[in-house]
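Enquirer: Working from the sequences, and respecting the hints, build out all of it.
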Amino acid sequence: MMKHGYIGEFEQIDDHRSGKIVVNLTGRLNKCGVVSPRFDVSIRDLEKWTTNLLPSRQFGFIVMTTSG
Numbered sequence: 001m002m003k004h005g006y007i008g009e010f011e012q013i014d015d016h017r018s019g020k021i022v023v024n025l026t027g028r029l030n031k032c033g034v035v036s037p038r039f040d041v042s043i044r045d046l047e048k049w050t051t052n053l054l055p056s057r058q059f060g061f062i063v064m065t066t067s068g
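Under the UniProt record's numbering, read the sequence shown as residues 1 to 68, first letter to last.
Check each hint, because a few of them may be wrong.
Claimed, not checked - Computed Cβ-Cβ distance ranges for the label pairs, DEER-style: (1) Glu11 <-> Arg44: 17 to 23 Å; (2) Ser42 <-> His16: 30 to 36 Å; (3) Leu54 <-> Ile13: 26 to 32 Å.
Don't read these hints as lab results, they were simulated from the structure.
All figures in this text were calculated on a predicted structure; none of them were measured in a lab.
We treat Cβ as the ideally placed atom computed from N, Cα and C, and that holds for glycine.
Expert: In structure tokens form, the structure reads like this:
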């Protein structure tokens, strides 16, 4: 997201719980959301999830995290 200019710098805050991240926005984001509850997605199902979540082809980003 920073590479494409959507966010500025960010700071990780350790609150001795789960932690927090403070992100400076540059004003280029139109909408940001989360998928809740978290789903297990395999590699073969990734294309299906991408088409279901993004508004149109070649528009938008999906940020994925892993547990580990």
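Enquirer: If a hint holds in the structure, say so; if it does not, say that too.
Expert: Each hint, compared with the structure:
1. Glu11 <-> Arg44: 17 to 23 Å: At roughly 37 Å between Cβ atoms, Arg44 and Glu11 fall outside 17 to 23 Å, so the hint is violated.
2. Ser42 <-> His16: 30 to 36 Å: The hinted range 30 to 36 Å holds for Ser42 and His16, with Cβ atoms some 34 Å apart.
3. Leu54 <-> Ile13: 26 to 32 Å: holds, 30 Å
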